[in-house]
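Peer 1: Once you have looked at the hints, place chain B on chain A.
Listed in order, the protein sequences are those of chains A and B.
For the first sequence, our numbering gives the first residue as 1, with consecutive numbering after it.
For the second sequence, our numbering gives the first residue as 365, with consecutive numbering after it.
Just so you know, not all the hints are guaranteed correct.
Facing chain A, a subset of chain B residues (Cβ under 10 Å, in silico) [claimed, not checked]:
#1 Pro449
#2 Leu451
#3 Thr454
#4 Pro457
#5 Phe459
#6 Glu467
#7 Leu472
#8 His571
#9 His659
Using 30 Å as the maximum straight-line C-alpha spacing, the simulated DSSO-like pairs for lysine-lysine come out as follows [stated by the list, open to error]:
#10 B:Lys453 <-> A:Lys317
#11 A:Lys89 <-> B:Lys698
#12 A:Lys186 <-> B:Lys681
#13 B:Lys681 <-> A:Lys89
#14 A:Lys334 <-> B:Lys681
It should be emphasised that the hints constitute simulated quantities derived from the structure, not laboratory data.
Idealized CB from N, CA, C, for every residue including glycine.
Number of protein chains: 2
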Amino acid sequence: MHDSLSQLQLLLARRGLDLFLVGQPENRRYLSGFTALDHGISESSGALLIPRQGRPLLLTDFRYQLQAEREAAGCDLLLYRRGLPALLKTLLPKFSARSLAFEPRYCLYSQHLALQRLCQSLGVRLVALDGEIERRRQVKQAQELAAIRRSVALNEAVFQAVYPSLRPGQSEIEIALALENAMRIKGAERPSFDTIVAGGPNAALPHAIPSHRPLATGEPVIIDMGLVLDGYCSDMTRTIVLGTPDERTVSLFRLVRRAQLAGLAALRAGVSGREVDLAARRVINEAGHGPDFGHGLGHGVGLAVHEAPSLSPRNRKLLKAGMVVTVEPGVYLKGWGGIRLENMAVVTETGHEPLNHDSTFLDL
Amino acid sequence: MHDSLSQLQLLLARRGLDLFLVGQPENRRYLSGFTALDHGISESSGALLIPRQGRPLLLTDFRYQLQAEREAAGCDLLLYRRGLPALLKTLLPKFSARSLAFEPRYCLYSQHLALQRLCQSLGVRLVALDGEIERRRQVKQAQELAAIRRSVALNEAVFQAVYPSLRPGQSEIEIALALENAMRIKGAERPSFDTIVAGGPNAALPHAIPSHRPLATGEPVIIDMGLVLDGYCSDMTRTIVLGTPDERTVSLFRLVRRAQLAGLAALRAGVSGREVDLAARRVINEAGHGPDFGHGLGHGVGLAVHEAPSLSPRNRKLLKAGMVVTVEPGVYLKGWGGIRLENMAVVTETGHEPLNHDSTFLDL
Chain A
1 MHDSLSQLQL LLARRGLDLF LVGQPENRRY LSGFTALDHG ISESSGALLI
51 PRQGRPLLLT DFRYQLQAER EAAGCDLLLY RRGLPALLKT LLPKFSARSL
101 AFEPRYCLYS QHLALQRLCQ SLGVRLVALD GEIERRRQVK QAQELAAIRR
151 SVALNEAVFQ AVYPSLRPGQ SEIEIALALE NAMRIKGAER PSFDTIVAGG
201 PNAALPHAIP SHRPLATGEP VIIDMGLVLD GYCSDMTRTI VLGTPDERTV
251 SLFRLVRRAQ LAGLAALRAG VSGREVDLAA RRVINEAGHG PDFGHGLGHG
301 VGLAVHEAPS LSPRNRKLLK AGMVVTVEPG VYLKGWGGIR LENMAVVTET
351 GHEPLNHDST FLDL
Chain B
365 MHDSLSQLQL LLARRGLDLF LVGQPENRRY LSGFTALDHG ISESSGALLI
415 PRQGRPLLLT DFRYQLQAER EAAGCDLLLY RRGLPALLKT LLPKFSARSL
465 AFEPRYCLYS QHLALQRLCQ SLGVRLVALD GEIERRRQVK QAQELAAIRR
515 SVALNEAVFQ AVYPSLRPGQ SEIEIALALE NAMRIKGAER PSFDTIVAGG
565 PNAALPHAIP SHRPLATGEP VIIDMGLVLD GYCSDMTRTI VLGTPDERTV
615 SLFRLVRRAQ LAGLAALRAG VSGREVDLAA RRVINEAGHG PDFGHGLGHG
665 VGLAVHEAPS LSPRNRKLLK AGMVVTVEPG VYLKGWGGIR LENMAVVTET
715 GHEPLNHDST FLDL
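If we strip away everything but chain A, and leave its shape as in the complex, we get (with noise of 0.2 Å):
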């Protein structure tokens, strides 16, 4: 990731910009190497001084610091005993700081009081700077896409590994363990999210959590899975039908189907993520299912499982080549389930390249 160091180091000095500190967990990996998670914003295991030009310093506590030693191999290592704060306020006057600039959508109301009282008794400008490694992560490197594909072939080989397994009368948490459990001896990280296994009425909540209650004959059963491999996320979505769907069923998959690839088919560098959204969502509308389809079509993935660019109709951002994002239209019917198929893909010049080979349950 040297170059977008170099790239970020080149902004800051057009900008005026003395230091940057860079603390979520994501961008911190995407610049350093270095692989540890935060327990929530509030419980940072460490953060990135980069000054304009050299190396970067990585901040971190004591039980960091074998995993930043093997880690972030370009990265000048400082522990802190006391606290970020304290050790920036001895820090920021080796470098003659003048300007600080820190992340505004990870650094809490609370802590920016901190660092705005530290800059002020030192007499540094505080500056936000939104989203210019996010940016810069949207768009993925050849190696980054590697690893993609990796991730989502993993994935879909746990799948596959676990889907004849099924029977009805497994619960839901029997079969999200029967894939986290598969992930991981297959050498994921992790999930990269908890894996939603939902059916029968439990499915109309697109964020259901797998609960005990076993599966029965004939119903959509959503499962929406992915993980982790080398830091890389993939996210798919089957929904599937253990013993033969009713018409109803039948049709509700195949409209959402039409959807997905009406979306997939609009896919391409220069289209807006709201245009992606709006021609997988008009298929729906049609079928006067719009009020079921309430969440956006889809969303970058990468070193995080969510990420920009999102396909909304709140997006009118352009699509660049090289971004991933899914395509997961849905329909969910209270009290009756839901139906939800998610594909990722990787934006080109053309149109995309689809990054998911399964077909299960897709094609009725």
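Peer 2: Below, chain B without anything else, positioned relative to chain A:
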């Protein structure tokens, strides 16, 4: 939790605050029963809007509608489609609100900017209200203690079910998976944090990530595990040896255990977190291993697995009866490994009530 809600409403009245916006997931759950988690601070699953009098509103989106209806019976439900600020723009005037309190430790700088803009346009005063719910959460009510006891008991049952099956040659990941599976099969909602299984040199990292490394005979293996049951967390660490520990290992085990017992003996209402930490730390310092114990002695546990109060040299606040804490000294030697022992206890007026009863490898 109706007591906490009405106490909080009294506080709002006393401070002349009309509304309190509560987004922190554990605080939200504590006051409403709504169990949804956030997928990171940028992907909120909702917020409570608490008026000075009357029922709180639960503001969420389409995805969580059914779950919110089911779980948050004491709240009125309102859905937003265009984000929380847009909904607040129509809501604040309906309440004739002249002030809005927010949580400074769960509000991003960027979110605060948006709130500030909104409040300015409506002539509403925006006020940071810090730690009021967290402070109330520290002292557990009777039914919370009962839930924590169940969570700790289930966590020990999981450990005791898996422990006899452990063999040299198994990988850290394999064991972590076996533990997390057993948690969920036995009815836990989820692990309360990523299970740590770390043997040999990997155990020198207090926050080690399980690896594919096979466990060797005779080496200490740190197992740090916890689960969530009915929303409440448990957290326990055992260090085990497969085979016979050598003399150095035994002597370090005994040192850490003596430190733990010293910490537990110092624990009672009216004593500061610092004093309890130092009681344990003194034992390790006197053995010359002070620099090898680089973290605090313990932390509060409840709806969050890490919450106030901390047992650390920096916490001069006095403990109260009904607080629940971990006592977890450790010694970590780079290149060799580590030993950590962690039990949970309830602070009482005269001392503590131990929550853990498992004695595996505690007293050698």
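Peer 1: If a hint holds in the structure, say so; if it does not, say that too.
Peer 2: Comparing the hints with the structure gives:
{"no.": "1", "hint": "Pro449", "verdict": "13 Å, violated"}
{"no.": "2", "hint": "Leu451", "verdict": "15 Å, violated"}
{"no.": "3", "hint": "Thr454", "verdict": "18 Å, violated"}
{"no.": "4", "hint": "Pro457", "verdict": "24 Å, violated"}
{"no.": "5", "hint": "Phe459", "verdict": "22 Å, violated"}
{"no.": "6", "hint": "Glu467", "verdict": "8 Å, holds"}
{"no.": "7", "hint": "Leu472", "verdict": "6 Å, holds"}
{"no.": "8", "hint": "His571", "verdict": "5 Å, holds"}
{"no.": "9", "hint": "His659", "verdict": "6 Å, holds"}
{"no.": "10", "hint": "B:Lys453 <-> A:Lys317", "verdict": "25 Å, holds"}
{"no.": "11", "hint": "A:Lys89 <-> B:Lys698", "verdict": "29 Å, holds"}
{"no.": "12", "hint": "A:Lys186 <-> B:Lys681", "verdict": "47 Å, violated"}
{"no.": "13", "hint": "B:Lys681 <-> A:Lys89", "verdict": "25 Å, holds"}
{"no.": "14", "hint": "A:Lys334 <-> B:Lys681", "verdict": "49 Å, violated"}
When the structure is compared with the earlier hints, violations turn up for hints 1, 2, 3, 4, 5, 12, 14 and for no others.
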